[in-house]
Every structure is written in structure tokens, then in C-alpha cells.
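Number of protein chains: 2
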Amino acid sequence: MKTPTKIAIQGGPASFHDAAARLLSSKESAIEILPCTTFRSLCQMLCAGESALAVMAIENTLAGSLLPNYTLLQEHNLHISAEVWLPIDQCLMALPGQDVAEIHTVVSHPVALMQCSSFFNQHPHLTPREAHDTADSAKAIREQQLSGTAAIAGKAAAELYGLALLAENIADTSQNFTRFLLLHREQPEQTLTANKAILCFQKPLHTATLTLVLSLLQKHEVEVSLLQTLPAADSGNSLVAELEAATKEQLQEAIAQIRPLVEGLQVLGILQKAELPEQKQTAAIL
Amino acid sequence: MKTPTKIAIQGGPASFHDAAARLLSSKESAIEILPCTTFRSLCQMLCAGESALAVMAIENTLAGSLLPNYTLLQEHNLHISAEVWLPIDQCLMALPGQDVAEIHTVVSHPVALMQCSSFFNQHPHLTPREAHDTADSAKAIREQQLSGTAAIAGKAAAELYGLALLAENIADTSQNFTRFLLLHREQPEQTLTANKAILCFQKPLHTATLTLVLSLLQKHEVEVSLLQTLPAADSGNSLVAELEAATKEQLQEAIAQIRPLVEGLQVLGILQKAELPEQKQTAAIL
Numbered sequence: 001m002k003t004p005t006k007i008a009i010q011g012g013p014a015s016f017h018d019a020a021a022r023l024l025s026s027k028e029s030a031i032e033i034l035p036c037t038t039f040r041s042l043c044q045m046l047c048a049g050e051s052a053l054a055v056m057a058i059e060n061t062l063a064g065s066l067l068p069n070y071t072l073l074q075e076h077n078l079h080i081s082a083e084v085w086l087p088i089d090q091c092l093m094a095l096p097g098q099d100v101a102e103i104h105t106v107v108s109h110p111v112a113l114m115q116c117s118s119f120f121n122q123h124p125h126l127t128p129r130e131a132h133d134t135a136d137s138a139k140a141i142r143e144q145q146l147s148g149t150a151a152i153a154g155k156a157a158a159e160l161y162g163l164a165l166l167a168e169n170i171a172d173t174s175q176n177f178t179r180f181l182l183l184h185r186e187q188p189e190q191t192l193t194a195n196k197a198i199l200c201f202q203k204p205l206h207t208a209t210l211t212l213v214l215s216l217l218q219k220h221e222v223e224v225s226l227l228q229t230l231p232a233a234d235s236g237n238s239l240v241a242e243l244e245a246a247t248k249e250q251l252q253e254a255i256a257q258i259r260p261l262v263e264g265l266q267v268l269g270i271l272q273k274a275e276l277p278e279q280k281q282t283a284a285i286l
Numbered sequence: 287m288k289t290p291t292k293i294a295i296q297g298g299p300a301s302f303h304d305a306a307a308r309l310l311s312s313k314e315s316a317i318e319i320l321p322c323t324t325f326r327s328l329c330q331m332l333c334a335g336e337s338a339l340a341v342m343a344i345e346n347t348l349a350g351s352l353l354p355n356y357t358l359l360q361e362h363n364l365h366i367s368a369e370v371w372l373p374i375d376q377c378l379m380a381l382p383g384q385d386v387a388e389i390h391t392v393v394s395h396p397v398a399l400m401q402c403s404s405f406f407n408q409h410p411h412l413t414p415r416e417a418h419d420t421a422d423s424a425k426a427i428r429e430q431q432l433s434g435t436a437a438i439a440g441k442a443a444a445e446l447y448g449l450a451l452l453a454e455n456i457a458d459t460s461q462n463f464t465r466f467l468l469l470h471r472e473q474p475e476q477t478l479t480a481n482k483a484i485l486c487f488q489k490p491l492h493t494a495t496l497t498l499v500l501s502l503l504q505k506h507e508v509e510v511s512l513l514q515t516l517p518a519a520d521s522g523n524s525l526v527a528e529l530e531a532a533t534k535e536q537l538q539e540a541i542a543q544i545r546p547l548v549e550g551l552q553v554l555g556i557l558q559k560a561e562l563p564e565q566k567q568t569a570a571i572l
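Heads up: the protein sequence lines correspond to chains A and B, in order.
2 is the number that the working numbering gives to position 2 of the first sequence; each next residue is one higher, with no gaps.
467 is the number that the working numbering gives to position 181 of the second sequence; each next residue is one higher, with no gaps.
There's no promise every hint is true.
[To be verified] For lysine to any residue, the following SDA-like pairs were computed, each having C-alpha atoms within a straight-line distance of at most 20 Å:
| # | chain 1 | residue 1 | chain 2 | residue 2 |
| --- | --- | --- | --- | --- |
| 1 | B | 559 | A | 206 |
| 2 | A | 273 | B | 519 |
| 3 | A | 273 | B | 490 |
| 4 | A | 6 | A | 41 |
| 5 | A | 6 | A | 185 |
| 6 | A | 203 | B | 504 |
In case anyone wonders, no lab produced these hints; they're calculated from the structure.
Please read all numbers here as calculations on a predicted model, not as lab measurements.
With the rest of the complex left out, here is chain A (with noise of 0.2 Å):
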């Protein structure tokens, strides 16, 4: 029987981090999910090699970019060779046999109760209380067997705690997704469909550097289709590029062209942009 593949994500079993893991890793025979408390411990459990793999979540429709897990990445030296976008759907959930009305305390992540202000706003009996994941929060609920409390977690924490779902999809936009990212500690290898790079440059990037670099781009077909500049403290200002082409050889090209221009270009992935789905959601009370 074969060892399965051992995949380092943030939060625990049920989560969004979780889902994602498991659409990544699509091609592994088994695979066994080891929960980190913070982006920080899941790179390194990867680079200890007592993960074979990590999913980090990179980007959010509502929040933007998570810009410190750049600064991890590059700080890691990981490589990333997937992404995909997942709908985050907020549900209420609680102990089987209670409907909204009884309830009168809501258990989540911080992030997650703040999607759902206007819930909160029509329902003001109910009282937010922050936790660290969303998931553990309706794990709690199970083991404490809490009647009158209710989590924000995805779909998968109330199957997987036996959870009944109250309502569906309560943030306040329906366009809540997020993007994730398969690591790796050593480089893997690419996949021959792959139209995206994503790259880094240390600072100073002066003003004619940068001029040159997108000049380049231009002339291979090569879109920008993201820009940030990452946390000053820690990798000294830092930009991240996500470039996007019609192959694999535009990008490589238009890469080896730019290396000799700027200082410290690390390549953190060269793979195949996940498109963001355009599929809307409807709240719903159950």
C-alpha cells in the first residue's frame, strides 16, 4: 500500500484550506492533511520535508493580495506549480433540532464574522464572538455539545462535525473567493500548458529599470496582470510580478531577457492560471 502524500495547510480538517489541498493534490492517490496554526509553521513543516507539500491561500476577492505569504515564499525559497480559486460560502451552522431563533451566540474567524455584517446588522440578536479558524470553531460546538451557538464555517465543517446548517452563503458580497497555491521545497516540473509566471524583484526598482522590464514584456506578448510592492520590513520592499502569455516559451524568453536588469529576480513559479469563476451565489436561510 502506498504512503500517502503528506500536504501541510493552514487551519484544520474542513476547511478552506482543506477543500483546496484536496483539489490540488487531484492527482495523488491518498494524501494526509497536517493543520498548521500559522502561514509561518506550514513553510516550515515544507522545508523541515515533513510535508511533501503545503497549500497556502495567496489572494482574496474582498481583502487582496495576502502580502506577507509573498514575502514567506520568497524568504523559503518554495516553488509554486498550481493555483486554483475557491468560492468561499459562509454558512451558519449549530447542534441538529435549533433554528435561528434560538440561537444567540456566532463563533468564527475574525475575517469571516466581519463578511457577514449585514447578517449580523439583520439579525441583531445574534452576538459574533471571534475565534482562530473557522472550522475549529464548529468542531467546538460538536465536542462542548454548545446549544444556543452557531459558527461561520464552510459547508464541509458542518458534514464533517454533524453540524446542521442554519443558512447558506451569508457574507455580505457573493463574490467571495480565494486563491491558493501549491508548494513545493524543490523546483517541480512544469507543466507544458503553463501561460502564467510569477516572479519577484529586490528594491530599488528605479523608475528606468522598470520602463526597460515592461518594454521587454511588451514585446514578448507578455501581460502583467498583477503588481505588488510587499512589506517593507522584512524583504526590504520587494515587487511581485504575476505575468500571463498565450506559452510557456513567451514567458521563459521574456524572463531570461529581464534576469540581467534587476537585482535578486527570484522565479517562484511558472504553471497555469486558474480562471476566476464567475459563478454567483444567492444567500439563503435554510
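Position chain B relative to chain A; hints supplied.
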């Protein structure tokens, strides 16, 4: 007697926003601080004319840019007139007459707790507990006379609420600074010594256009100090650029030439650049 100038801030009295508001409004003869619980409500208060000014954090040296805040500035059509960098000196404080060994619980904002993780590793008898605000955690200790509980907050909170400092500068790194912006509803008069501009563009911004924009900036000897792609959901993925030049005129001329090239150029502010302080702080148990 003159009515005090009302300034909306995020957080309560003795918070870091409060300190930034006092620095940024030093020209006002008297001010009144209006606390807001979210950055959105701060913008709404200013737009509704309930405050004359507002102060908003935009960047931290550890966490990077607060990307959704640029979106709020854009959506509410607000104007920036000044900025300041403030050292974030996380201190441990409790009711007087206790030492660290007598404390069991430490309350603060999740980001402050996270920034002090080495301190918690060194003092494993301390249990962190999350709260909504740093300064309000200090207030709760005073009001509820909580023995055995400490708060992590700025020194000003200890002074305001009569708590004793147990330790100073307990964050993992001393390079913890936050940049704050002074905001107006109407466009303010530009300072003569302005040497910085904050702009945003609507995307899609093709490589060809971006190359043209940068070559114009280069022609006017304008340096790009920051580039950020904003969250996809609300703003349709705008790009923010912070620019620096020797004179205000160089910036104005460059902006005039860029304007016809890009969609929806918005000048968020033309102001004097604040320098990031170099000072190092040393952690100290008092």
C-alpha cells in the same frame, strides 16, 4: 471659543490612530477625536460631514499595504493631504502592583498578539486572548479591575487607563511602523513642498499602456515608490501608484501627460512624503 475640529479615527482613545491624528492635526488649535469601529464607518462619517477630517492607517512595515483601504479612499472619493509614520511600540500593561509572573491572561487585538509571538514563547505561562482593540483591552482591565490579566497596547493606553507597564517593545521585531493618512472630503490646498503623489488607475492596464506611463514618468524624473493591485471584487482590480519627485511641478506635469493614456485616473493626493524613521527599539522587561 473656537469649536474643536472633529477627526474620525479607527479605534478608541489612546489607540495608535489617536496618536497619529494628534500628530497630523498639529495645526488645529483644538481637536475632538471621533472613534469608529471600522475603516468603512470612518469614511462614511467624513463623507456625511459628521467629522471635518479623518485619519486612516494605510501601510505597516510587517503586514504591508492595507489594500482594502485604498479601495475605500477610491470609492468615497476622499483626498489625502499628509502622511506620518508612527512606531508601534507594543507594551504589556496591567493593574499596578503585579509582576509578569502573576499574570495568566494577555488580551489584545489579534494582530498585536501575533506580533508578540516570541514573547509568548518566552513566557509560556501567559495565555493570549483576542479582543477588538489594543487600547480598549487596557480600558477593560481598568473598568473591570481584572487582576492577573494584562493587555498589549501602546504606552498611551497605560497612561490613559492608569495601568502599570510590565514590559516595553515586546513585538518580535523592532521595525514595526505604521503609516497613517490625513483625509479630507474636499480637495485641500496643496503644500508648496509636495514631493509625492498617490494615484489610482482602472484596469485592465495593458503592458503597452503601462510601458508608456512609465516612460513618461521617467522623462519627468519621477520615481515609483509603490505599486499595488487592489482587491478584485469591489474595484475591478485597480492599480495604485505612489510617485516621488523633487518638485510638485514635476509630479503635476507627469500626471497631466498620463491622464489621457489611462482609464479613470484618480489623484488621491499630492503631499509631502513622510520618511520612515530609522530608530531601533530594544525590548525591555521593566
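So, going through the hints one by one against the coordinates:
| no. | hint | verdict |
| --- | --- | --- |
| 1 | 559(B) - 206(A) | holds (17 Å) |
| 2 | 273(A) - 519(B) | holds (18 Å) |
| 3 | 273(A) - 490(B) | holds (17 Å) |
| 4 | 6(A) - 41(A) | holds (15 Å) |
| 5 | 6(A) - 185(A) | holds (13 Å) |
| 6 | 203(A) - 504(B) | holds (17 Å) |
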